[in-house]
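Mapping of the sequence shown onto the working numbering: residues 645 to 1035, in sequence order.
Misleading hints may appear alongside valid ones.
[Claimed, not checked] EDC-like, lysine to aspartate or glutamate: derived pairs with alpha carbons at most 16 Å apart:
1. Lys755 / Glu770
2. Lys800 / Asp815
3. Lys979 / Asp946
4. Lys800 / Asp820
5. Lys754 / Asp946
6. Lys755 / Asp722
7. Lys1028 / Asp829
8. Lys950 / Asp927
9. Lys687 / Asp672
10. Lys802 / Asp777
11. Lys979 / Asp949
12. Lys754 / Asp722
13. Lys800 / Asp829
14. Lys657 / Glu705
15. Lys666 / Asp678
16. Lys950 / Asp895
17. Lys765 / Asp820
18. Lys802 / Asp877
19. Lys992 / Asp949
20. Lys802 / Glu778
21. Lys979 / Asp1034
22. Lys1001 / Glu986
23. Lys802 / Glu783
24. Lys666 / Asp722
25. Lys765 / Asp829
26. Lys979 / Asp1010
27. Lys748 / Asp672
28. Lys917 / Asp927
29. Lys755 / Asp777
30. Lys950 / Glu986
31. Lys755 / Asp1010
32. Lys800 / Asp777
33. Lys666 / Glu936
34. Lys765 / Asp722
35. Lys666 / Asp746
36. Lys771 / Asp746
37. Lys800 / Asp877
38. Lys1001 / Glu985
39. Lys748 / Glu770
40. Lys754 / Glu778
Hints were generated in silico from the structure; no laboratory data involved. For clarity, every value in this text was computed on a predicted model and none was experimentally measured.
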Amino acid sequence: MGKDRGENNRHLKYRNRGLVLKLICTGDGVTRIDLSHITGLTKMTVTNITSELIQQGYVVEGSQGQNSNVGRNPIILDLSPNAPKVLGIQVARSHCSAILTDLKMHTLQKKTIPFSREETKDSLMEKVFSLTDEMTTWENNIIACGVSTVGPLDVKEKMILNPPDFFGISDLPIGDILSSRYCMDVFIDNDMNGSALAEKLFGNGRDYANFLYVGIDNGIGSGIISDNVLYQDNSGLVGEFGHVVINFNGDTCICGNRGCLETYASLPVVERKLRAVTGKDLDFIAFCQLHEDPLVDAVLSDMVDKISCALVNVVNMLNPSAVFIGHFGSFLPDKYLTRMEEWVNAHKLSGSYQTVKVRRSHFEQDAPLMGSVCIVLNRLFNGKLLARLDP
């Protein structure tokens, strides 16, 4: 069954309703006839679903579309300006951010607060509260909140467990704290999964059923889209790309193993190498702008080659059609993404039979923040949140 195929079954009404809402929110303007053709649902079923969505305030009828046949022009359906909004919160190692969007992921409000060097559970949550207070004061019609954060997590219990290099904070039930304080549904996931969802729903991944999102930051992680669905479990540990071993006699990683990719290609490691060879006290973004410098180019090329080596292992297992590079990796100049693509395709098992595309994330360094919104939208569009909200 195709990625946008519905089923005419009463027991799947929320799934079908979510699918129709997704097509309205992620498309460029669709009519009821379009929805019937795309989903395989009967015209009557589509009419009933869209009538419900209009009645519930999600959808409005807009302008008339063009009809090549004789008769009335079809009506284009669009998101209602009065539809509920989505609150997204990103908790990174250096900062927390909040964003308010509509269901088409148009940004309405956005703000970031940096973390100090010595945060505690209480001080960190106070900064999250400050952002959330501001967003909920600006808009009170919020369907749910999504939290995109560093892992490992317990997604089911909505808890940040024990991330490395995270102020020593562990067992933080951020989802329950926010849900209790603001009386709204809160869902959490790791930032890589959120980023992959953003790429799938609104980014460069819309045309791919199978792809890998790779985020380069203090660590290196990935989100996996398989057959148009996010591959995940409750641990928030799926896609730990940075712990693919590329040298079994290599340096010791913080995880205890030797030769993990992160020990060679994570942001702090690469920045230290660049400062050492150039004598310049710059950050990764600034060094990327100096890529014509042979010393800088050598370090960045080595970083990309090591990531490519690990990618080949994952590509051979998952056979994705594309890889999207995000987080701070989005600042890598195009020549390094081309180098990565050429290396992966030259060394993967399938050879020239299928070319894996390596591209920059559509959302670049904002992917985790936009991903926090898509943690909610994914549940809305698959019908689970609609079922939860139905009285």
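Each hint, compared with the structure:
Proximity of Lys755 to Glu770 is assessed by CA-CA distance (about 15 Å); at most 16 Å being required, the pair is judged to hold. Note on Lys800 and Asp815: the hinted pairing holds, with a Cα-Cα distance of about 13 Å set against a maximum of 16 Å. A threshold of 16 Å between alpha carbons decides the hint, and for Lys979 with Asp946 the separation of about 13 Å falls inside it, so the pair holds. About 11 Å separates the Cα atoms of Lys800 and Asp820, which keeps this hinted pair within 16 Å; it holds.
For the hint pairing Lys754 with Asp946, the CA-to-CA distance comes to about 36 Å; that exceeds 16 Å, so the pair is violated. Proximity of Lys755 to Asp722 is assessed by CA-CA distance (about 28 Å); at most 16 Å being required, the pair is judged violated. About 12 Å separates the Cα atoms of Lys1028 and Asp829, which keeps this hinted pair within 16 Å; it holds. Between Lys950 and Asp927 the alpha-carbon distance is near 20 Å, which puts this suggested pair outside the 16 Å criterion.
Between the alpha carbons of Lys687 and Asp672 the distance comes to roughly 20 Å, so the proposed pair goes past 16 Å and is violated. The straight-line distance between the Cα atoms of Lys802 and Asp777 is roughly 20 Å, outside the 16 Å bound, and the hint therefore fails. Proposed proximity of Lys979 and Asp949 is supported: the alpha carbons are some 12 Å apart, at most 16 Å. Restraint check for Lys754 and Asp722: not satisfied, since their Cα atoms lie roughly 24 Å apart, outside the 16 Å limit.
A hinted pair counts as satisfied when its Cα atoms are at most 16 Å apart, and Lys800 with Asp829 qualifies at roughly 13 Å. A hinted pair counts as satisfied when its Cα atoms are at most 16 Å apart, and Lys657 with Glu705 does not qualify at roughly 21 Å. Distance restraint check for Lys666 and Asp678: the Cα-Cα separation of roughly 13 Å lies within the 16 Å cut-off, and the hinted pair is therefore satisfied. Simply put, Lys950 and Asp895 have alpha-carbon atoms about 14 Å apart, close enough for the 16 Å limit, and the pair holds.
For the proposed pair Lys765 and Asp820, the alpha carbon gap of about 14 Å is at most 16 Å, so the pair holds. Between the alpha carbons of Lys802 and Asp877 the distance comes to roughly 13 Å, so the proposed pair stays at or under 16 Å and holds. As the CA atoms of Lys992 and Asp949 are separated by approximately 14 Å, the hinted pair is consistent with the 16 Å bound. Taking the CA atoms of Lys802 and Glu778, the gap is near 22 Å; set against the 16 Å cutoff, the hint is violated.
This hinted pair does not check out: Lys979 and Asp1034 have alpha carbons roughly 50 Å apart, beyond 16 Å. For the hint pairing Lys1001 with Glu986, the CA-to-CA distance comes to about 9 Å; that is within 16 Å, so the pair holds. Restraint check: the Cα-Cα separation between Lys802 and Glu783 comes to about 24 Å, which exceeds 16 Å; the hinted pair is violated. Note on Lys666 and Asp722: the hinted pairing holds, with a Cα-Cα distance of about 11 Å set against a maximum of 16 Å.
This hinted pair does not check out: Lys765 and Asp829 have alpha carbons roughly 21 Å apart, beyond 16 Å. The straight-line distance between the Cα atoms of Lys979 and Asp1010 is roughly 22 Å, outside the 16 Å bound, and the hint therefore fails. For the given pair, Lys748 sits about 10 Å from Asp672 by alpha-carbon distance, which is consistent with the 16 Å threshold. Taking the CA atoms of Lys917 and Asp927, the gap is near 11 Å; set against the 16 Å cutoff, the hint holds.
Taking the CA atoms of Lys755 and Asp777, the gap is about 12 Å. The hint holds against a cut of 16 Å. The hinted pair formed by Lys950 and Glu986 meets the criterion: a straight-line CA distance of about 13 Å does not exceed 16 Å. Distance restraint check for Lys755 and Asp1010: the Cα-Cα separation of roughly 12 Å lies within the 16 Å cut-off, and the hinted pair is therefore satisfied. Between Lys800 and Asp777, the direct Cα distance comes to roughly 25 Å. Violation of the 16 Å bound is thereby established for this hinted pair.
Annotation: proposed proximity of Lys666 to Glu936 is violated, straight-line Cα distance about 43 Å (limit 16 Å). Of the supplied pair hints, the one linking Lys765 and Asp722 is violated, its CA atoms being roughly 42 Å apart against a limit of 16 Å. Taking the CA atoms of Lys666 and Asp746, the gap is near 13 Å; set against the 16 Å cutoff, the hint holds. Taking the CA atoms of Lys771 and Asp746, the gap is near 23 Å; set against the 16 Å cutoff, the hint is violated.
Under the criterion of a C-alpha separation no larger than 16 Å, the hint pairing Lys800 with Asp877 is consistent with the structure, at around 9 Å. This hinted pair checks out: Lys1001 and Glu985 have alpha carbons roughly 6 Å apart, not beyond 16 Å. Between Lys748 and Glu770, the direct Cα distance comes to roughly 29 Å. Violation of the 16 Å bound is thereby established for this hinted pair. A distance of roughly 10 Å separates the Cα atoms of Lys754 and Glu778; the hinted pair therefore holds under the 16 Å criterion.
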